[in-house]
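Peer 1: Sequence:
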Amino acid sequence: MSFDDFLKAYSLYIALALALLIAVIIALFYIIPAINKKRSTKVKTIDYSSFYEVCGGKDNIKSLSLTGTRLTLVCIDQSLVDKEKLKKEGVVNIITMSKKMVLLIEDRLKEVVSDFNIKNE
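Numbers given in this note's numbering equal positions in the sequence shown, counted from 1, plus 1.
FYI, nobody ran anything at the bench for these hints, they're computed from the structure.
Quick caveat: nothing in here was measured; it's all calculated off a predicted structure.
The reader is advised that the hints may include incorrect statements.
Pairs of lysine-lysine, BS3-like flavour, derived with a Cα cap of 30 Å [what the hints assert, rightly or not]: (1) K84 - K101; (2) K59 - K101; (3) K59 - K84; (4) K63 - K88; (5) K89 - K100; (6) K63 - K101; (7) K101 - K89; (8) K84 - K63; (9) K38 - K84; (10) K63 - K38; (11) K100 - K84; (12) K86 - K101; (13) K86 - K63; (14) K100 - K88; (15) K100 - K59; (16) K59 - K89; (17) K59 - K88; (18) K88 - K38; (19) K100 - K63; (20) K88 - K101; (21) K100 - K86; (22) K86 - K59.
If you anchor each label on the Cβ, the simulated ranges turn out as follows [to be verified]: (23) N37 - E85: 30 to 40 Å; (24) K100 - A28: 52 to 62 Å; (25) S50 - V93: 14 to 24 Å; (26) K38 - L8: 34 to 44 Å; (27) T70 - L19: 19 to 29 Å; (28) A28 - G58: 35 to 45 Å; (29) A16 - K88: 49 to 59 Å.
Beta carbons are placed, not taken as given, at the ideal position from N, Cα and C, and that holds for glycine.
Whole structure, please, built from the sequences with the hints as guidance.
Peer 2: Pasting the structure below:
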């Protein structure tokens, strides 16, 4: 079988394989990054008032300080703090001490500290 005979016999299959290869390349370089970009732009907004309500109200919070991802919360009455709802707000772990609570938080809750400090100045 000569090369010309091979091309005549399999030209349709070669064309379909090239078209499929081009379609896969387009999908990899254009469609998939566009899908990932749409997913990454969906950021959950923070409802500050609900965070303060879960902590027993803004008046119950004596002070807040942030060190890395640890939020130190000094409350007047710790019994008013709803720990289960705090976990739903983005708190990973809660360490309770006699006068303060240390909350291991997600990055998005760092805005709560800056909001609290701005409003109390």
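Peer 1: Give a verdict on every hint.
Peer 2: Here is how each hint holds up against the structure:
1. K84 - K101: Holds - the C-alpha atoms of K101 and K84 are around 13 Å apart, at most 30 Å.
2. K59 - K101: Cα-Cα ~15 Å, so holds.
3. K59 - K84: Cα-Cα ~16 Å, so holds.
4. K63 - K88: holds (21 Å)
5. K89 - K100: holds (23 Å)
6. K63 - K101: The given pair, whose Cα atoms are some 10 Å apart, holds under the 30 Å limit.
7. K101 - K89: Distance of about 20 Å is within 30 Å: holds.
8. K84 - K63: Answer holds: K84 to K63 is near 17 Å, not above 30 Å.
9. K38 - K84: violated (34 Å)
10. K63 - K38: violated (40 Å)
11. K100 - K84: With Cα atoms ~16 Å apart, K100 and K84 stay inside 30 Å; holds.
12. K86 - K101: Answer holds: K86 to K101 is near 18 Å, not above 30 Å.
13. K86 - K63: Between K86 and K63 the Cα gap is close to 20 Å, so the pair holds against 30 Å.
14. K100 - K88: Holds. K100 to K88 sits at ~20 Å (cutoff 30 Å).
15. K100 - K59: holds (17 Å)
16. K59 - K89: Holds - the C-alpha atoms of K89 and K59 are around 18 Å apart, at most 30 Å.
17. K59 - K88: holds (18 Å)
18. K88 - K38: holds (28 Å)
19. K100 - K63: holds (10 Å)
20. K88 - K101: The hint holds at about 17 Å.
21. K100 - K86: OK: K100 and K86 at ~20 Å, within 30 Å.
22. K86 - K59: holds (16 Å)
23. N37 - E85: 30 to 40 Å: With a Cβ separation near 33 Å, N37 and E85 satisfy 30 to 40 Å, so the hint holds.
24. K100 - A28: 52 to 62 Å: With Cβ atoms ~57 Å apart, the hint holds.
25. S50 - V93: 14 to 24 Å: Hint holds: Cβ distance 22 Å, inside 14 to 24 Å.
26. K38 - L8: 34 to 44 Å: Taking Cβ atoms as reference, K38 and L8 lie about 42 Å apart, which means the hint holds.
27. T70 - L19: 19 to 29 Å: With Cβ atoms ~51 Å apart, the hint is violated.
28. A28 - G58: 35 to 45 Å: Given range 35 to 45 Å: violated, Cβ gap about 52 Å.
29. A16 - K88: 49 to 59 Å: For A16 and K88 the Cβ distance comes to about 57 Å; the hint holds.
This entry does not satisfy hints 9, 10, 27, 28, going by the numbered hints stated previously.
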